[in-house]
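So for the sequence shown, this note's numbering puts the first residue at 7; every next one is plus one.
Check before you lean on any hint, since a few could be wrong.
Claimed, not checked - Computed spacing ranges between beta-carbons, pair by pair:
id: 1; residue 1: Arg224; residue 2: Ala261; range: 44 to 50 Å
id: 2; residue 1: Gly113; residue 2: Asp209; range: 31 to 37 Å
id: 3; residue 1: Pro115; residue 2: Val219; range: 17 to 23 Å
id: 4; residue 1: Arg191; residue 2: Gln229; range: 20 to 26 Å
id: 5; residue 1: Pro165; residue 2: Gln229; range: 37 to 43 Å
id: 6; residue 1: Ala127; residue 2: Arg224; range: 29 to 35 Å
id: 7; residue 1: Pro165; residue 2: Val60; range: 21 to 27 Å
id: 8; residue 1: Leu110; residue 2: Thr61; range: 21 to 27 Å
id: 9; residue 1: Val60; residue 2: Arg194; range: 40 to 46 Å
Simulated from the structure, these hints should not be mistaken for lab results. For every residue, glycine included, the Cβ atom is placed at its ideal position computed from N, Cα and C.
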Amino acid sequence: MARTDALSHTVDGLAGRMRWFLLAEEGARRDGFLQAVAPAVKLPGLVALVVLAVTRPAIVEAAALFGLGVALGVGSRVPLRAFAGRVVGPTAVAALVVAPQAVLLAGPPVADTPLTTTGVAYVALFACRVGAGAAFLALLVLTTRVSALLAAARRLRVPPTAVALVAITYRYLLVFFAELQRMVRARRARTVGSPTLRETWRDSGHFTSTFLVRTLERGERVQRAARARGGGVAGYDRGRTLGGADLAFGAVVVAAATAVVLA
């Protein structure tokens, strides 16, 4: 495979993965526990669990909250691949970042190795915290449409500017990666032969400038089209009365918070 083919395939694959990461609405259409919970209840509840998870001082508490996240995922029937992809990645990166602490922190050695029990415990605790927080955030994204999340934030009196910034950023990222994928595929389809490294470098500069201009123009057109159809950036508020699923989820959050705080 030519150097340019490898580069274009890599960029194409990266753009596709990012679009898959952002477009996570398959789980929201499933019939599960969290899907039945109102977004205005689900949003503060899961955010509270995230805060609880990342502030736990003991690994047992963090691991228990991680288990709760997995259990909620199973009960909500979220796609396993999508859930694991949003939890394993951040957890692995977090463990890799703090891995040197397993050697640097003072403490008794682990089986005559440079590792210390204090350092290993710290790395494990940090990874569990990140894993639990990522699990709850993944559940929020995978069981709720973005428009419903924005409407819930507006209903919870989140500053309108913050809601608008999140909506515009999300929409622009979708346009950004979709346009990148289209341009890479179009460029690959028009390329004949194997250009030299110098030609590839020159064409990459033209490609980047054209890509940025087209992304800005397409983003403006998408925003104007949404405005013309009556759509805004805060989502539609589909408020409803609380049901059994909302009360059950609230009870789960309160029980989890009480258990880990009093443990």
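Evaluated hints:
1. For Arg224 paired with Ala261, a C-beta distance near 47 Å keeps the hint of 44 to 50 Å intact.
2. Between Gly113 and Asp209 the CB atoms are about 55 Å apart, so this pair departs from the stated range of 31 to 37 Å.
3. Take Pro115 and Val219: their Cβ atoms lie about 58 Å apart, and the range 17 to 23 Å is violated.
4. Between Arg191 and Gln229 the C-beta distance comes to about 25 Å, which sits within the given range of 20 to 26 Å.
5. The beta-carbon spacing between Pro165 and Gln229, approximately 20 Å, falls outside the hinted interval of 37 to 43 Å.
6. Checking the proposed 29 to 35 Å range against Ala127 and Arg224 shows it is violated: the Cβ atoms sit about 50 Å from each other.
7. Between Pro165 and Val60 the CB atoms are about 23 Å apart, so this pair conforms to the stated range of 21 to 27 Å.
8. Judged by the Cβ atoms, the range 21 to 27 Å given for Leu110 and Thr61 holds: they are separated by roughly 23 Å.
9. In this structure the hint that Val60 and Arg194 lie 40 to 46 Å apart at CB holds, the actual value being about 43 Å.
Hints 2, 3, 5 and 6 from the list above are not met by this structure, while the remaining hints are.
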